[in-house]
Amino acid sequence: MDQFVVKVFVRLRPSVLDPAGEATKSASIKLGAEGIKSLRIGKMIEVKIEGNGENEVREKIDLLCDRLFANTVIEDYEYSLEKL
Amino acid sequence: MDNFTVGVVVFPGSNCDRDVSWALEGCLDIRTKYLWHEFSDLSDVDAIVLPGGFSYGDYLRCGAIARFSPLINALDEFVKSGKRVLGICNGFQILTESGFLPGALVANKNLNFICDDVELDIVSSKGGWFNNVDEKQTIKLPIAHGEGRYHCDSDTLKKLVDNELIALRYKNNPNGSSFDIAGITNEKGNVLGLMPHPERACDETIGGTDGLFTLKSLILK
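If you read the sequences in order, they're chains A and B.
Residue numbering for the first sequence follows the working numbering, beginning at 46 and increasing consecutively.
Residue numbering for the second sequence follows the working numbering, beginning at -6 and increasing consecutively.
The hints are simulated quantities; they were obtained by calculation from the structure and are not laboratory data.
Just so you know, these numbers come straight off a predicted model, no measurement behind them.
Just so it is clear, CB atoms sit at the ideal spot from N, CA and C, and this is done for glycine as well.
Some hints could be false.
Residues from chain B that face chain A, not an exhaustive set, calculated with beta carbons under 10 Å [to be verified]:
no.	residue
1	R60
2	E90
3	G96
4	A97
5	V99
6	K102
7	N103
8	L104
9	R142
10	C145
11	D146
Cross-link-like lysine-lysine pairs, in silico, DSSO-like; alpha carbons within 27 Å at most [claimed, not checked]:
no.	chain 1	residue 1	chain 2	residue 2
12	B	K102	A	K82
13	A	K82	A	K52
14	B	K102	A	K70
15	A	K105	A	K88
16	A	K70	A	K52
17	A	K88	B	K102
18	A	K75	B	K102
Generate the whole structure from the sequences, applying the supplied hints.
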């Protein structure tokens, strides 16, 4: 069995307003940061998982992302995978 | 109707379950039974309410974890049989997360947790959940949510409009919901999800009785 660390990034779709991101953008500007064009907040989920090779692990992660980690009505996801 | 029983689902973190039960039993004389979320035998209840609250602490997304409970798994067959399901607030979020209703509920536009009475237009009479036959009526119900902004894509919105699935619209949209949507039904009309709390408007002494009809309509066949 191989072990992998998977980092899943879940983001609100561009068409969905992110009021928390907007509030944080506003605070960033008040802090004096210049040049911020947009700021959106997402989630990172780190999973340690074992399986027989990368393909099998990807299948499991795809299912988890699609059914649980993200609500694809409002969110997109992507992930990176690193073998331990 | 003497034996008609409404199941009130209790998740870890539900906090309107007792209010719903009180309103049904105390105001309407309808028998209720609490259903712990790990139950999957729904054979002895005739309708189900998914109450408000913060199921599983709203972890990940509101309603996201509740979707995987044995009870929600059993709900599919219950809904297909035509029995009535009412999802209030967090219950509405659970119904969208689990695919019984389209769209999703996200953080209010102004980021505030809004606790207020709101005026609502009854848009559709589908399912008979509201006391309107054909004309539009207005009711007043309390809302209490931080993540009640209804969101769906334009194709879904068109389907909702074309098939008369929009049950309630806010008169003064408090949270930024698409098309002012406060509540929707499924195509058959036996599932209603709404952000306002009808169970908190069942007695004049606590602010109105506009929620009575919706709870009473649980006993419709």
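Any of the earlier hints contradicted here, and which numbers?
When the structure is compared with the hints, none of them turns out to be violated.
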